[in-house]
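Participant: Residue numbers (numbering that gives the first Met the number 0), protein chains in the order written: chain A, 0 to 254; chain B, 0 to 305.
FYI, nobody ran anything at the bench for these hints, they're computed from the structure. One or more of the hints may lead you astray.
What the hints assert, rightly or not - Capping the alpha-carbon separation at 16 Å, the derived lysine to aspartate or glutamate pairs in EDC-like fashion look like this:
1. K79(A) x D110(B)
2. K79(A) x D288(B)
3. K79(A) x E268(B)
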Amino acid sequence: MRIPGFLIAFIMLLGLPARGEEVVAALSQTNVALTATFEGSEILVYGAVRREAPIPEGDPPLEVIVTVQGPAGPLTVWRKARRAGIWVNVEAVSVSSAPSYYAVATSGLLGDVLTATEDLRHRVSIPRAIRAFGAADTVPDAEAFTDALLRIREEDGLYQLLEGEVELDRDTLFTARISLPANITEGVYSTRIFLTRGGAVIDRFDTAIDVSKVGIERWLFVTAHEQPVFYGLLAVLIAMFSGWAASAGFRYLRS
Amino acid sequence: MQIYLPIAEISINAFLLLGIGGVVGMLSGMFGVGGGFLITPLLFFIGIPPAVAVATGVNQVVASSVSGVLAHLRRKTVDLRMGTVLLVGGIFGSALGIWVFSQMRSLGQIDLFVQLSYVVFLGAIGFLMLQEALRALLRTRRADAPPRRLHQHLWVHKLPLKMKFRTSGLYISVIPPVLVGISVGFLAAIMGVGGGFIMVPAMIYLLGMPTKVVVGTSLFQIIFVAAFTTVMHASNTYSVDILLALFLIIGGVIGAQIGTTLGLRLKAEQLRILLALLVLLVSGKIALDLLLTPAELYSISIDGRW
């Protein structure tokens, strides 16, 4: 029997875990530093299921879902069309919020381990992670634009669906490896771990990874945005000095 | 060795950047051109966002022009007065270019705008250079060709607001140099180039300046226009990447020194044909990207970023 989601939410509100199964998890690292030589990183998510009672017999199997979501923001998806012989951005759809990075790892097929209702509630699958309200107003086929957004970001490794990548051992211990590519942006990467049975979420654990530029990278980025004129003058001074130093240096070498 | 660029927000191989800087620096040393018109499209090709490529390209131009102008100042082949007049126009043109750039960016058409500018200007310049180089090649083979007149009286000499330019030996109106300055400043802002490839022919054929002061004066003007454009881009589009510029500059200055030495050993006419073909190749590649059906029709632009 499937338990309706609202019932679970109700029971959880009462402070009683539905089946007495709780998830505890940790990350191999909670800080990722975007240094000058950052080439991507791999986060190991590991944890265990805590129970008051023995594993229930005859129930649907226990499943684990891990999601990692980067900072979200509005963006525009453009579509090119041929105008006067050349390819030009013609139509655009605004997406009110899309994460810059999103990975979802599961212990089985996502469709099996999570019902559509639960997906809608917790926004787990990749299409649920983006919000494109009002997109249909501008073009008739707004869906093609959001599909393109998912496709492009999947190709860049920014959106990842890792079905079966969570390893669940004896229904208790689990591990998942989530890779952060080199082209990620900085911000708080919220990480959620869901425990499901029969497609219904029975427990959830939230944590976060802090991805930030450090050292010279951080300083340059902050200065460029907060003191742009100073940054511009600095860029010019560095260029002028380099030009002078090169000229003087090679003149010295020749003489 | 990968390097994470803080403004472009992508990771690129450092040796690739040094290599691009080096090759373009070598070509600029060989041909006496700034190289901005090659660096910026090469940055597009390796995946740097066009806005960052343009703004950073113009920053790199500052370095190569400073390095070049010092030699000319020592030889006193810089017409400071003419340079200043050109510069006044250049500042106006650059400000106008920055404004157009921001408008195009908010319309989502900045990539197209930059690419089209490259196709049109590089294509035209490439053809002119090829034609000129081929003609020069023929001229050296035919020794009986008539010599070019040194001083011609053109329509530009009839305009008002005349000024004396002693170093160039000219007494002409300031309107044509200001106009030349404006167009070059505009191109610097939208294409990330110094604009020497437009200015040098304009100075010789339009203003009638003596060839020996042309390159030095153009470099002198380019330094300040490129510097101004860099600061304007930094404060309007936040797209100047100092780290990216640094790698291009380091590669560039080393390449330029090698190129200068190499250029002395090769024949000038053949070099110019090569450069013209290279310019045509780059503009042809950009044109092809606009004409052929792209593999991906969709693109993403993050609101509030370049």
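Participant: Which hints from the list above does the structure break, by number from lowest to highest?
Facilitator: Going through the list in order, the structure violates hint 3 alone and respects the others.
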